[in-house]
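Asks: Take the given structure of chain A and dock chains B, C and D with the ligands to it, following the hints.
These protein sequences, in sequence, are chains A, B, C and D.
Here the first sequence stands for residues 0 to 585, where the numbers follow numbering that gives the first Met the number 0.
Here the second sequence stands for residues 0 to 247, where the numbers follow numbering that gives the first Met the number 0.
Here the third sequence stands for residues 0 to 127, where the numbers follow numbering that gives the first Met the number 0.
Here the fourth sequence stands for residues 0 to 112, where the numbers follow numbering that gives the first Met the number 0.
Heads up, none of these hints are tricks.
Straight-line Cα separation of at most 27 Å, DSS-like style, residue types lysine-lysine; simulated pairs:
#, chain 1, residue 1, chain 2, residue 2
1, A, K57, B, K134
2, A, K29, B, K117
3, A, K323, B, K141
4, B, K217, A, K323
5, A, K91, B, K144
6, A, K122, B, K144
7, B, K78, A, K345
8, B, K142, A, K322
9, A, K322, B, K141
10, A, K323, B, K144
11, B, K141, A, K145
12, B, K134, A, K323
13, A, K322, B, K144
14, B, K44, A, K455
15, B, K44, A, K496
16, A, K57, B, K141
17, C, K50, D, K57
18, B, K144, A, K145
19, A, K323, B, K142
20, A, K322, B, K134
21, A, K91, B, K134
22, B, K217, A, K322
23, A, K91, B, K141
24, B, K123, A, K91
25, A, K57, A, K572
26, A, K91, B, K126
27, B, K144, A, K57
28, B, K78, A, K322
29, B, K78, A, K455
30, B, K123, A, K145
31, B, K217, C, K22
32, A, K57, B, K126
Source of the hints: derived by calculation from the structure; they are not laboratory data.
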Amino acid sequence: MEIIKTDVAIVGAGGAGLRAAIALAEADPKLRIALISKVYPMRSHTCAAEGGAAGVIKSDDSLDLHFNDTVGGGDWLCDQNAVEYFINEAPKELMQLEHWGCPWSREPDGSVAVRPFGGMKIKRTWFAADKSGFHILHTLFQTSLKYPSIQRFDEYYAIDLLVDDGRCQGLTALEIRSGEIKQFQAKSVIIAAGGAGKMFPFTTNGAIKTGDGMALAYRAGVPLKDMEFVQYHPTGLPNNGILLTEGCRGEGGILVNKDGRRYLQDYGMGPETPVGQPVLKTMELGPRDRLSQSFWHEQRKGNTVSTPWGECVLLDMRHLGEKKINERLPLVRDLCVSYLNMDPVKEPIPIRPVVHYCMGGIHTDIKAATPVPGLFAAGECACVSINGANRLGSNSLTELLVFGRRAALSAIEHLQSGLSASNDPALSAQAKASEDRIRALFDQSAGTETVAGLRKEMMHTMEENAGIYRTGEELQRACEKIAELRGRYANLALTDKSKVFNTDLMQALELGSMLECAEAVAVGARDRKESRGAHQRLDFTARDDQNFLKHTLAYYHPKEPPRIEYLDVVITKSQPGVRDYSGAKK
Amino acid sequence: MSEERQIQLEVLRYNPETDSQPRYQTYTVPCVNEWVVLDALNYVKENLDPTLSYRWSCHMAVCGSCGYMINGEPKLGCKAFIHEYGDHIRVEPLANFPIERDLVTVVEDFIAKLASVKPYLIPKEDKPISAGEFKQTPAELKKFKQYTLCINCMLCYAACPQYGLVPEFLGPAAISMAHRYNQDSRDGGRDQRQEVIATDEGVWECSFVGACSEVCPKHVDPAGALQQVKVASTIDWYKEHLMPWVKK
Amino acid sequence: MSRKPYIREVSKTSWFLSQPRYKRYMAREVTCIFIFAFTFLLICALGSLAKGPEAFQSFLHALRSPLGVLLNLAALVATIYHSMSWFDVTPQAMPIQRGEEFVPGNVIVGAHYGAWAVVSLIILIWGI
Amino acid sequence: MAKSNKPIFWGLFAAGGTVTAFVTPVLVLLTLFAAMGFSPDLFTYEALRGFAAHWLGKLIILGVIVLSLWHAAHRLRVTVHDFGVRADTVVAYVVYGIAGLGTLMTIIYLLRI
Ligand SMILES: Cc1cc2nc3c(=O)[nH]c(=O)nc-3n(C[C@H](O)[C@H](O)[C@H](O)COP(=O)(O)OP(=O)(O)OC[C@H]3O[C@@H](n4cnc5c(N)ncnc54)[C@H](O)[C@@H]3O)c2cc1C
Ligand code: SF4
Ligand code: F3S
Ligand code: FES
Numbered sequence: 000m001e002i003i004k005t006d007v008a009i010v011g012a013g014g015a016g017l018r019a020a021i022a023l024a025e026a027d028p029k030l031r032i033a034l035i036s037k038v039y040p041m042r043s044h045t046c047a048a049e050g051g052a053a054g055v056i057k058s059d060d061s062l063d064l065h066f067n068d069t070v071g072g073g074d075w076l077c078d079q080n081a082v083e084y085f086i087n088e089a090p091k092e093l094m095q096l097e098h099w100g101c102p103w104s105r106e107p108d109g110s111v112a113v114r115p116f117g118g119m120k121i122k123r124t125w126f127a128a129d130k131s132g133f134h135i136l137h138t139l140f141q142t143s144l145k146y147p148s149i150q151r152f153d154e155y156y157a158i159d160l161l162v163d164d165g166r167c168q169g170l171t172a173l174e175i176r177s178g179e180i181k182q183f184q185a186k187s188v189i190i191a192a193g194g195a196g197k198m199f200p201f202t203t204n205g206a207i208k209t210g211d212g213m214a215l216a217y218r219a220g221v222p223l224k225d226m227e228f229v230q231y232h233p234t235g236l237p238n239n240g241i242l243l244t245e246g247c248r249g250e251g252g253i254l255v256n257k258d259g260r261r262y263l264q265d266y267g268m269g270p271e272t273p274v275g276q277p278v279l280k281t282m283e284l285g286p287r288d289r290l291s292q293s294f295w296h297e298q299r300k301g302n303t304v305s306t307p308w309g310e311c312v313l314l315d316m317r318h319l320g321e322k323k324i325n326e327r328l329p330l331v332r333d334l335c336v337s338y339l340n341m342d343p344v345k346e347p348i349p350i351r352p353v354v355h356y357c358m359g360g361i362h363t364d365i366k367a368a369t370p371v372p373g374l375f376a377a378g379e380c381a382c383v384s385i386n387g388a389n390r391l392g393s394n395s396l397t398e399l400l401v402f403g404r405r406a407a408l409s410a411i412e413h414l415q416s417g418l419s420a421s422n423d424p425a426l427s428a429q430a431k432a433s434e435d436r437i438r439a440l441f442d443q444s445a446g447t448e449t450v451a452g453l454r455k456e457m458m459h460t461m462e463e464n465a466g467i468y469r470t471g472e473e474l475q476r477a478c479e480k481i482a483e484l485r486g487r488y489a490n491l492a493l494t495d496k497s498k499v500f501n502t503d504l505m506q507a508l509e510l511g512s513m514l515e516c517a518e519a520v521a522v523g524a525r526d527r528k529e530s531r532g533a534h535q536r537l538d539f540t541a542r543d544d545q546n547f548l549k550h551t552l553a554y555y556h557p558k559e560p561p562r563i564e565y566l567d568v569v570i571t572k573s574q575p576g577v578r579d580y581s582g583a584k585k
Numbered sequence: 000m001s002e003e004r005q006i007q008l009e010v011l012r013y014n015p016e017t018d019s020q021p022r023y024q025t026y027t028v029p030c031v032n033e034w035v036v037l038d039a040l041n042y043v044k045e046n047l048d049p050t051l052s053y054r055w056s057c058h059m060a061v062c063g064s065c066g067y068m069i070n071g072e073p074k075l076g077c078k079a080f081i082h083e084y085g086d087h088i089r090v091e092p093l094a095n096f097p098i099e100r101d102l103v104t105v106v107e108d109f110i111a112k113l114a115s116v117k118p119y120l121i122p123k124e125d126k127p128i129s130a131g132e133f134k135q136t137p138a139e140l141k142k143f144k145q146y147t148l149c150i151n152c153m154l155c156y157a158a159c160p161q162y163g164l165v166p167e168f169l170g171p172a173a174i175s176m177a178h179r180y181n182q183d184s185r186d187g188g189r190d191q192r193q194e195v196i197a198t199d200e201g202v203w204e205c206s207f208v209g210a211c212s213e214v215c216p217k218h219v220d221p222a223g224a225l226q227q228v229k230v231a232s233t234i235d236w237y238k239e240h241l242m243p244w245v246k247k
Numbered sequence: 000m001s002r003k004p005y006i007r008e009v010s011k012t013s014w015f016l017s018q019p020r021y022k023r024y025m026a027r028e029v030t031c032i033f034i035f036a037f038t039f040l041l042i043c044a045l046g047s048l049a050k051g052p053e054a055f056q057s058f059l060h061a062l063r064s065p066l067g068v069l070l071n072l073a074a075l076v077a078t079i080y081h082s083m084s085w086f087d088v089t090p091q092a093m094p095i096q097r098g099e100e101f102v103p104g105n106v107i108v109g110a111h112y113g114a115w116a117v118v119s120l121i122i123l124i125w126g127i
Numbered sequence: 000m001a002k003s004n005k006p007i008f009w010g011l012f013a014a015g016g017t018v019t020a021f022v023t024p025v026l027v028l029l030t031l032f033a034a035m036g037f038s039p040d041l042f043t044y045e046a047l048r049g050f051a052a053h054w055l056g057k058l059i060i061l062g063v064i065v066l067s068l069w070h071a072a073h074r075l076r077v078t079v080h081d082f083g084v085r086a087d088t089v090v091a092y093v094v095y096g097i098a099g100l101g102t103l104m105t106i107i108y109l110l111r112i
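Okay, chain A solo, but in the shape it has when bound (with noise of 0.2 Å):
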């Protein structure tokens, strides 16, 4: 097996994986660096975010406003000493990317523009037209051309990674394109390879959304925390879940039901504010999770809209005229017209709410370290909990960009701390019994069981039972099914024999990701029994600060379903309160 000897080794190269390649390399130029990514960089899904990153930068905003916005947005689930760092840093990226060139949409005095978003009570989010995940992506992976000393690995998997002597040393990657499996060996390793929506059917999700990363991490001994809580974004195209962004009602979209009534004003986010001119916290610039489960009643009151994709409710955008639609949400009418041929410049477009975002993930600390020295992780895959039990618009994409940094830092720290000589007969063994894992999935000739009929059965799981409300019973019902769906997985076949490109391996791989991200989240939900931001139960209404106000953490085990412990919540200056969303008590 080829050894290749690296620095540091970064899992991913979507935003905040070439973030933290950049920073390394910026740090010190001599730095060996490995940008290890499943597909080419700029391919990953990073490029589909819309709407935009927060922060604060205009004279009317402060650090504080941002703070409460997100702390109260969680659900107060944030770890508060990191929502602090996040917020601090978070301009100073977002600036750090203007000075690279990303095309942030402007004011006319030539200063950068910012949006309003669900759940920020002052306009901070800076964005490009409504393709903002997609430019900074762009915008990073080009400025990493810059620095020789980022040896990109395109189109390798990551497989499994190599922990001795305590330490994260390496791992093992398949070149999918040769079917050769490489072992890395690498003084810090960073996990930066994105969130795992691909458990749900009907997401906005890419196709490589499949939580890779969590189960690199959780397999090696690392936590995955606070799984159980999955954002479910309000306005989705209903025939295949492509995102209309937020910034759709940030610019004065308005959320409808089928008698035309703007409902949200019977679910607390109320009162009614004027079409057109939306007002910053309240009706459709409530938060994400009230936005989805209001949709919920409205159905289960028989007042959403019959479409041939299912039930839907109305994003009326006509109001906003087509230059104004044309010029900040291009993309959006681009979307509308060419996948349900309807133009939102002339009608009212059918949505709802699909699967969207991991708020849990590989459990780090605040420098985005995990519990096994040598190992990092950042972006969506990682939970340094900024985002609580309920994520608001625009904080990911800057906290890529704010923690992909800070991974890098806390990567080079670790390298200066005087590390012993890796053992390498011990990693030579683990690297072998790892491509055994990939062979004996080649050799199982009697396997039975199909990719694609395992990953329909989860699905269907995950949506059925662990969706936008949950219950105990149903929640058992998951736990009970992916656990078996798990125990047929390793009688799984693969048709595909060939080492070159062969997606078939690939996707059987993702699946087991998957598998194993999908148990966590199962048994988290199925353990706590409140309700809390994204994690709604029909038999626990109440949020229960006494017992739940903590982290989920699930701890790996090959055969059982995981360990949950729990963690308690850093909480500094912001003590739990009421989340509100009304405009009337200002």
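Replies: Coordinates of chains B, C and D with the ligands only, in the frame set by chain A:
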């Protein structure tokens, strides 16, 4: 809107381990009219033939992974609507690139070319982060905005006959990306990029076929960018040689 | 090594037959042959003009043949095609930005067609 | 990659393309009339000679002919390449040679008028 329809999906297959050359394989796929070709491929992968290899991710025409030749035309699989085609659809890997396997092409050449044009901001003036942003008016932004929209899908390379004939050609997307930074009011790196793009293998290999712009799914108009680079380079040359007293 | 990328050869002499848009491109390119030929015709005319009235008369006479008519007709079609294909792409090669907005392409193209008509008319009226 | 000397020819090509686009079709039309037998007024010896005798007329004739030549020559170079002839240097010498010759002839003729 959701009526079903059967189509014959003819896909170019190539497995380097068993095939000496590519061959076609036809699948019968029940389609819903609002599907895109990528949905049909996914149907095949999930239900008929797990060995079919192709790239895709976002399903919303932004990641740039899913470029294929669809009925001979370079297209994004996730933006080629079934209802725009008859009952027979042929899918092949992007033209002008070597076939790795099935619909997967070898794209290193493109990536290397993109990297070679210094596609990053080379600031006119140094400015610390703490000094705030480089001011840029909406008009200055608009000047280059279109060229930032490139998703690196390489459809333009598949469409450009000159790239097919002369593989050394830097090609439409890479040169457009250089042009994007050259046109950015914050940038001062044009001279460095000219060294790469104003060359025989650079912009001068382009004969303005214009196919690149016709197939670009993001309306980047690379053909326009290339002609603008030619005009500017020509003005450079005449200034330098006929009016050496004019400072560039 | 299990990789063995397959390279599809492109025919160097017949590639343009594979797509309508390539054929259109080649049609545009071969207009240069007519322009080349016609320009040499002009040079001949100029030569005869320099030699004297008889030479010029015999030049005019030589033009007058069915073949001359045919070739000129072909050249007319070709040069008009050249003009149209040339004007149609001007907004791409030379976009004009006024304030924030770019001048719409069809305005630029339209202006060129207008100017073309005016120039042609002037020459035509002056010539006849 | 060395910088190219293509701008010299491309500059002429572009200028020539514009000139021919504006004036060549109508010139061809006039010639066509002549070929069909009804001679336009302009096509009398006196009128043309008078025009060509004036320095401005000379300049216009020179401009139109030379730019058209170099436009056509450069495009022909590319077209020959497009038809699969890969001897670009030889082709360039030939087509630019012809254009050069035409230029020279034009100048000589104009000087004689
Ligand atoms: C449609 C959409 C719109 C959004 N809009 C916004 C918004 O407006 N504002 C906002 O703040 N947030 C938004 N988000 C959320 C935000 O975009 C994501 O959370 C963020 O982009 C995740 O970035 P990342 O770097 O963590 O991961 P990604 O960009 O997903 O990158 C993951 C990387 O990991 C690699 N990888 C994964 N597994 C492996 C493996 N096994 N081996 C090797 N490499 C691997 C992938 O190749 C990829 O390079 C949006 C999300 C979606 C889906
Ligand atoms: S210029 Fe257009 S066609 Fe070419 S790579 Fe970019 S987006 Fe694709
Ligand atoms: S198709 Fe090719 S030749 Fe030029 S205009 Fe586009 S790059
Ligand atoms: S799947 Fe991303 S562009 Fe088609």
